Amino acid sequence: MVGPGLVVQINESLFQGKRKYNRGRLRLGDRKPEERSDENEENSDEDEINMYRNIKPHYFSIDAIMAAQEKIQCSFIKKVEHVDFLDSIYSDKDEESDPKIELPLWMVKVFLVGKSIQFDMPKAYNEIYRGVLTADANVVDLFKLCKHFYLFGKFLSQLEHREAYEVRRTLIQTFIDRFKQTMDWAQNIDDNQPCFNRLDCLERLIFNDARVAQQHLNIYLTEGSGQMEIAAMILNYRKRKIHESRVLE
Amino acid sequence: MMHPAEIEFLAENEIIQIVPTFNHASHVHLICGSYGPFRAGLPLNVPIWVALNLRQKKTCRILAPDWMTVDKLQERLEEEKASKFFTQLPTNYYLEITQMLLTVASEDIPQGNDIKTAVKDLWDLRIAKLRSSVDLFVKEGRVQASLNHLTPMEINSVRPVFPDTLDALMTLHEHINSSDDREDSSQSSGATPSSTSFSLSL
Numbered sequence: 001m002v003g004p005g006l007v008v009q010i011n012e013s014l015f016q017g018k019r020k021y022n023r024g025r026l027r028l029g030d031r032k033p034e035e036r037s038d039e040n041e042e043n044s045d046e047d048e049i050n051m052y053r054n055i056k057p058h059y060f061s062i063d064a065i066m067a068a069q070e071k072i073q074c075s076f077i078k079k080v081e082h083v084d085f086l087d088s089i090y091s092d093k094d095e096e097s098d099p100k101i102e103l104p105l106w107m108v109k110v111f112l113v114g115k116s117i118q119f120d121m122p123k124a125y126n127e128i129y130r131g132v133l134t135a136d137a138n139v140v141d142l143f144k145l146c147k148h149f150y151l152f153g154k155f156l157s158q159l160e161h162r163e164a165y166e167v168r169r170t171l172i173q174t175f176i177d178r179f180k181q182t183m184d185w186a187q188n189i190d191d192n193q194p195c196f197n198r199l200d201c202l203e204r205l206i207f208n209d210a211r212v213a214q215q216h217l218n219i220y221l222t223e224g225s226g227q228m229e230i231a232a233m234i235l236n237y238r239k240r241k242i243h244e245s246r247v248l249e
Numbered sequence: 001m002m003h004p005a006e007i008e009f010l011a012e013n014e015i016i017q018i019v020p021t022f023n024h025a026s027h028v029h030l031i032c033g034s035y036g037p038f039r040a041g042l043p044l045n046v047p048i049w050v051a052l053n054l055r056q057k058k059t060c061r062i063l064a065p066d067w068m069t070v071d072k073l074q075e076r077l078e079e080e081k082a083s084k085f086f087t088q089l090p091t092n093y094y095l096e097i098t099q100m101l102l103t104v105a106s107e108d109i110p111q112g113n114d115i116k117t118a119v120k121d122l123w124d125l126r127i128a129k130l131r132s133s134v135d136l137f138v139k140e141g142r143v144q145a146s147l148n149h150l151t152p153m154e155i156n157s158v159r160p161v162f163p164d165t166l167d168a169l170m171t172l173h174e175h176i177n178s179s180d181d182r183e184d185s186s187q188s189s190g191a192t193p194s195s196t197s198f199s200l201s202l
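Chain order of the listed sequences is S and V. Our numbering puts the first residue of the first sequence at 1, with every later residue one more than the last. Our numbering puts the first residue of the second sequence at 1, with every later residue one more than the last.
No wet-lab data here; the hints were simulated from the structure. Just so it is clear, the structure is predicted and the values come from calculations on it, not from any experiment. Don't take every hint at face value.
Listed next, the in silico DSSO-like pairs over lysine-lysine satisfying Cα-Cα at most 30 Å (straight line) [what the hints assert, rightly or not]:
#, chain 1, residue 1, chain 2, residue 2
1, S, Lys-109, S, Lys-147
2, V, Lys-116, V, Lys-72
3, S, Lys-100, S, Lys-144
4, S, Lys-180, V, Lys-120
5, S, Lys-147, V, Lys-139
6, V, Lys-120, V, Lys-84
7, S, Lys-144, S, Lys-71
8, S, Lys-147, S, Lys-123
9, S, Lys-180, V, Lys-58
10, V, Lys-116, S, Lys-180
11, V, Lys-129, V, Lys-57
12, V, Lys-58, V, Lys-81
13, S, Lys-79, S, Lys-115
14, V, Lys-139, S, Lys-180
15, V, Lys-58, V, Lys-116
16, V, Lys-81, V, Lys-120
17, S, Lys-144, V, Lys-139
18, S, Lys-180, V, Lys-84
19, S, Lys-180, V, Lys-81
20, V, Lys-139, S, Lys-123
21, S, Lys-109, S, Lys-78
22, V, Lys-57, V, Lys-139
23, S, Lys-147, S, Lys-100
24, V, Lys-129, V, Lys-84
25, S, Lys-180, S, Lys-123
26, V, Lys-116, V, Lys-84
27, S, Lys-115, S, Lys-180
Residues of chain V clear of chain S, computed beta-carbon distances all greater than 12 Å [to be verified]:
#, residue
28, Arg-39
29, Ala-40
30, Ala-64
31, Lys-72
32, Asn-92
33, Lys-129
34, Gly-141
Partial list, computed: chain S residues near chain V (C-beta under 10 Å) [as the list claims (entries may be wrong)]:
#, residue
35, Ser-75
36, Lys-109
37, Leu-171
38, Ile-172
39, Phe-175
40, Thr-182
All C-beta atoms in this analysis are idealised placements derived from N, C-alpha and C, irrespective of residue type, glycine included.
Start from the sequences and build out the full structure, keeping to the hints where you can.
So, in structure tokens, the structure goes:
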């Protein structure tokens, strides 16, 4: 790669964000000027982001996108044209009523507008599992059942289906029933990987927050708060002072 | 969410009595007030951080606060057990103050270990109470609760879980309302009737 007369383009550089007094590296955090990017805050950044993270799904929420990607078994009740790319098996004819195929939720939504499709509630939300969840929600391994149980369930219950109302009720009840357990696990058990594996993605967010806070508290109770440190800003400030006074001399 | 160390920082501004072993005739002017004069052998009030600093230089003896005796703490514990609600404590920072004083000046405080146990009992009892009331709040789907006499450290223990939980629950509820509304009118309702309000008062 190296040699005289050779022009090598190494890479594009990012000149964005601010560096204090032109010191220090450019960091990814500098892309977002509204966030504080002091040098000593690398540890607490994570906490801050957690704190202001929103539970509500929005357009760019990865969880919401993943949840909308879950497959639903459905069958067409009307003839739909120009969608034979959906499934290569049925490519010789247009989608007809009899064959059942699996489509992602966002696509089902589109077909539902034209009322050309009908679907069964997926396994995690059918009558049997609703019964199980009502009986004792705490024993169910939600992550195995459906990674985005609450989000996907919420999307499902917004679709037109005769069981939609029951699904919503079950979702809320399940969340309430499992809340105490989630909190207890997060705050009391040291080795909680097995418990963590059973939680749904939404519960995991809450679990992680509770876990971090509990660890802070435990460390504080056993080791105390430790020494205060001088903020990096102040250190830089002093360096600058010295520099300035040298210039004056 | 606050870090426990930050709450300890707030606790350091509480006033405590010390007996200095040096003389300093004039007042010391601090942002939190003026303290002094320091006379050897005469007790005076200073903020905890001053007391700890002087104690670490071995220039004073810390007097344990009134409530920091095994008997008083047992009394509190009984009171707390008997009451359904949270009882008022002599200080908002009982756990932190005990922790700080016992680390720095354990020789100045008689029965330090027993006090530590008693304070831990009190904390455990109150936390258990808090957790069960939080659980009840979520289970019964209430919209308002008032909890008096909670200390900052206790509030901090539920803070990371509770708002997010309510938020998640509200999102689940919201969709019920919005799809119910859809039948009678297509207007988007700005204020959903189930907007959860929650107040914590100290």
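Hint check, failures only: Numbers 9, 11, 12, 22, 27, 34, 35, 36 - these are the hints that the structure violates, sorted from lowest upward.
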